[in-house]
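Fit chain V to the given chain H structure using the hints.
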Amino acid sequence: MGLAKRIIPCLDVDQGRVVKGVKFENIRDAGDPVEVAKRYNEAGADEITFLDITASHEGRDTTLHTVERMASEVFIPLTVGGGVRTLQDIRNLLNAGADKVSINSAAVHNPEFVREAADRFGSQCIVIAIDAKKVSAESEPNRWEIFTHGGRKPTGIDAIEWAERMTQFGAGEVLLTSMDRDGTKNGFDIALTRAISDAVAVPVIASGGVGALNHLVDGVLLGGADAVLAASIFHFAEYSVQEAKEYMQAAGIEMRM
Amino acid sequence: MSETVAVLDYGMGNLHSAAKALEKVADGQRIVVTSDPKEAIAADRVVFPGVGAIRDCMHELRQRGLDQAIFEVAASGKPLLGICVGMQALMESSEENDGVQCLGLFPGKVQHFGERYGELGERLKVPHMGWNQVQQESHPMWEGIDDFSRFYFVHSYCVTGLPENQVAGRCDYGLRFAAAATRSNIFAVQFHPEKSAPHGLTLLGNFLRWQP
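These protein sequences, in sequence, are chains H and V. Numbering (the numbering used here) for the first sequence: 27 to 283. Numbering (the numbering used here) for the second sequence: 106 to 317.
The following block holds chain H by itself, in its conformation from the complex (with noise of 0.2 Å):
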């Protein structure tokens, strides 16, 4: 016995609707965010994941009120990111129900905000999400690189370093992606996944790329990773997150049935 492995769902929301499209039998209104989380919550999520990715200034006020409904109504831990900012933009999420609040392109244009974000609202709820690539050549050692604009602009930094730097600077998770497997379904970055779970002291959520049951288990077990993050193989129903949970707890997984 012991602390459960977290599977997380990921919906993608733009003012306050769920892009990709959701696939559920008998849901009411599946670009409802709060309508996708109950279902999620109801099938044995562990967490929800809001990427927020409204363009307009006033299309965040909509998010808000939809992580408001959400904790209104579902009661598992909810992680918002997407447009981070200010420490206002935090106070703003936490105060409408947000757990925890991810950081991404602004640790990098200002990597002491997360250590102001940390020391003002705990590092309990201060997530890092780092967009990584790898970068050497097939005969180089590995190394990964942070990217920004959706795996577009390198940046120059380590990966590595980045992670135990920003846990050093108080945040208390990563949300850790492989831009090389995001979308591909062909499974976890796993060698970045250990790389980065053996580097820093807290947990790690291992993001992109999976495609199929077995990439969740090779996520947690190869790669160290403490939860893992997926998007379409749950949206469209391929599988649900029981399934999954059943599938890794038969690899020897501790989970939350």
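Simulated from the structure, these hints should not be mistaken for lab results. Even glycine gets a Cβ: it sits at the ideal position worked out from N, Cα and C. Please note: incorrect hints may appear among the correct ones.
[To be verified] Result set (DSSO-like, lysine-lysine): computed pairs, CA atoms no more than 27 Å apart in a straight line:
(1) K143/V <-> K183/V
(2) K64/H <-> K125/V
(3) K129/V <-> K64/H
[Claimed, not checked] Covered by chain V, according to a simulated footprint, are these stretches of chain H (three or more residues, beta-carbon under 8 Å):
(4) 29-37
(5) 142-150
(6) 176-186
(7) 227-237
Chain V alone, transformed into the frame defined by chain H:
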């Protein structure tokens, strides 16, 4: 007249989840979020949630006179529920922030997890974050919840050193710590019942009915 349940607000952020979850399970009780010590003392039941660092937490409590309100509620016999840092604040002291005197309603100490290893020799990540099992001691607050049910934890410090008869639940994470503490009319939990559906909601419902 219906009962009033006060959720203490001392400026430390997300208390709304606790209030929302209580509203969800309330059976006629009125849930009020308050920073007014008088309102807290007048309530029939009091919930003391907490997130963030203990020094700030104690400072904000004292600033608002809520520390005295908690002492009064504790002495009054009315049910008091501490959550997470709210539980830690009820202890004697915490080693967080280079050592902080807490409220001392329990003789326990709050210590950092430190570097600990799991059964397979793997280093355990801190914060202790996620769903862990709680081994229960018999108490009406656990009614309808199976022993070893999982609750959601997120913390880097934990309560140890309580007398056996004040430990209401135990959890393992490299060391054994108190997941729940109790004495007379006080019950306190390290996990977040407001984020631990469905068992957490059952526990909150039990609190609303608890007659210590």
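Evaluated hints:
The straight-line distance between the Cα atoms of K143/V and K183/V is roughly 14 Å, inside the 27 Å bound, and the hint therefore holds. Of the supplied pair hints, the one linking K64/H and K125/V holds, its CA atoms being roughly 15 Å apart against a limit of 27 Å. Our distance criterion of 27 Å between C-alpha atoms is met by K129/V and K64/H, whose separation comes to about 14 Å. For a cut-off of 8 Å, the count of residues in the segment 29-37 of chain H with a CB near a CB of chain V stands at 4, and the three-residue condition holds.
Coverage of the segment 142-150 of chain H by chain V holds in this model, with 4 residues showing a Cβ closer than 8 Å to a Cβ of that chain against a need of three. By the rule of at least three residues with a Cβ nearer than 8 Å to a Cβ of chain V, the coverage given for the segment 176-186 of chain H is violated, with 0 such residues. As drawn, the segment 227-237 of chain H meets chain V at 4 residues by the rule of a beta-carbon pair under 8 Å; at three or more, the given contact holds.
The structure does not agree with numbered hint 6 stated previously, though it agrees with all others.
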